[in-house]
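Reading the sequence shown from the start, the letters are residues 0 to 46 in numbering that gives the first Met the number 0.
No lab work stands behind these hints: they were computed from the structure. Mixed in with the good hints, there may be bad ones.
Cβ pair distances, simulated, as ranges [claimed, not checked]: (1) Y36 to S4: 34 to 40 Å; (2) K6 to Y36: 17 to 23 Å; (3) K1 to K32: 25 to 31 Å; (4) F5 to T37: 14 to 20 Å; (5) T37 to K6: 30 to 36 Å; (6) K38 to M0: 36 to 42 Å; (7) Q3 to P39: 25 to 31 Å; (8) K1 to T37: 17 to 23 Å; (9) L23 to K1: 16 to 22 Å; (10) M0 to T37: 21 to 27 Å; (11) M0 to P39: 34 to 40 Å; (12) T37 to D7: 35 to 41 Å; (13) K24 to K1: 18 to 24 Å.
Only pairs whose alpha carbons sit at most 27 Å apart, straight line, appear in this in silico DSSO-like list of lysine-lysine [as the list claims (entries may be wrong)]: (14) K24 to K1; (15) K33 to K1; (16) K6 to K24; (17) K38 to K1; (18) K2 to K27; (19) K38 to K27; (20) K32 to K6; (21) K24 to K38; (22) K6 to K27; (23) K33 to K2; (24) K2 to K38; (25) K2 to K32; (26) K1 to K27; (27) K2 to K24; (28) K1 to K32.
Idealized CB from N, CA, C, for every residue including glycine.
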Amino acid sequence: MKKQSFKDYVIVSCGTIAPEINYLKNSKFLDAKKILYTKPGKYLFYC
Numbered sequence: 000m001k002k003q004s005f006k007d008y009v010i011v012s013c014g015t016i017a018p019e020i021n022y023l024k025n026s027k028f029l030d031a032k033k034i035l036y037t038k039p040g041k042y043l044f045y046c
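Assemble the whole structure, with the sequences as input and the hints as a guide.
See the structure below:
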């Protein structure tokens, strides 16, 4: 089974879930090029 990779992606996440995202990053599951956090509750959606 091929391992999923996120190395070509930049992730923008609400700071509220930073502990969960950092856990995935530290466990080597999430290998995103960069992870950016917004202030908790202060996020915008662009379409």
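Hint check results:
1. Taken as a hint, the range 34 to 40 Å is violated for the pair Y36 and S4, whose Cβ atoms sit roughly 21 Å apart.
2. The supplied range of 17 to 23 Å is met by K6 and Y36, whose beta-carbon atoms lie about 19 Å from each other.
3. For the pair K1 and K32, the beta carbons lie near 19 Å from each other, so the given range of 25 to 31 Å is not met.
4. With their beta carbons about 19 Å apart, F5 and T37 fall inside the hinted range of 14 to 20 Å.
5. Separated by about 22 Å at the C-beta atoms, T37 and K6 break the suggested range of 30 to 36 Å.
6. Distance hint for K38 and M0: a CB-CB separation of about 38 Å, consistent with the stated range 36 to 42 Å.
7. A beta carbon spacing of about 27 Å between Q3 and P39 agrees with the range 25 to 31 Å that was offered as a hint.
8. Checked against the hint of 17 to 23 Å, the C-beta distance between K1 and T37 comes to roughly 31 Å, which is inconsistent with it.
9. About 18 Å separates the C-beta atoms of L23 and K1, a value consistent with the hinted range of 16 to 22 Å.
10. The given range of 21 to 27 Å is broken by M0 and T37, whose C-beta atoms sit roughly 33 Å from each other.
11. Between M0 and P39 the Cβ separation comes to about 35 Å, which falls inside the hinted range of 34 to 40 Å.
12. Checked against the given bound of 35 to 41 Å, the beta carbons of T37 and D7, roughly 22 Å apart, lie outside it.
13. The beta-carbon spacing between K24 and K1, approximately 20 Å, falls within the hinted interval of 18 to 24 Å.
14. In summary, the hint linking K24 to K1 is supported, as the alpha carbons are separated by about 19 Å, within the 27 Å threshold.
15. Straight-line distance between C-alpha atoms of K33 and K1 comes to about 22 Å, which keeps the hinted pair within the 27 Å bound.
16. Under the criterion of a C-alpha separation no larger than 27 Å, the hint pairing K6 with K24 is consistent with the structure, at around 11 Å.
17. With a CA separation close to 34 Å, the supplied pair K38 and K1 exceeds the 27 Å bound.
18. About 11 Å separates the Cα atoms of K2 and K27, which keeps this hinted pair within 27 Å; it holds.
19. Of the supplied pair hints, the one linking K38 and K27 holds, its CA atoms being roughly 24 Å apart against a limit of 27 Å.
20. Proposed proximity of K32 and K6 is supported: the alpha carbons are some 5 Å apart, at most 27 Å.
21. Distance check on the hinted pair: K24 and K38 sit about 19 Å apart at the alpha-carbon level, within 27 Å; holds.
22. Taking the CA atoms of K6 and K27, the gap is about 11 Å. The hint holds against a cut of 27 Å.
23. Restraint check: the Cα-Cα separation between K33 and K2 comes to about 19 Å, which is no more than 27 Å; the hinted pair holds.
24. Between K2 and K38, the direct Cα distance comes to roughly 31 Å. Violation of the 27 Å bound is thereby established for this hinted pair.
25. Of the supplied pair hints, the one linking K2 and K32 holds, its CA atoms being roughly 16 Å apart against a limit of 27 Å.
26. Between K1 and K27 the CA atoms are separated by roughly 15 Å; this keeps the pair inside 27 Å, and the hint holds.
27. Taking the CA atoms of K2 and K24, the gap is near 15 Å; set against the 27 Å cutoff, the hint holds.
28. For the hint pairing K1 with K32, the CA-to-CA distance comes to about 19 Å; that is within 27 Å, so the pair holds.
In summary, the numbered hints that this structure violates are 1, 3, 5, 8, 10, 12, 17, 24.
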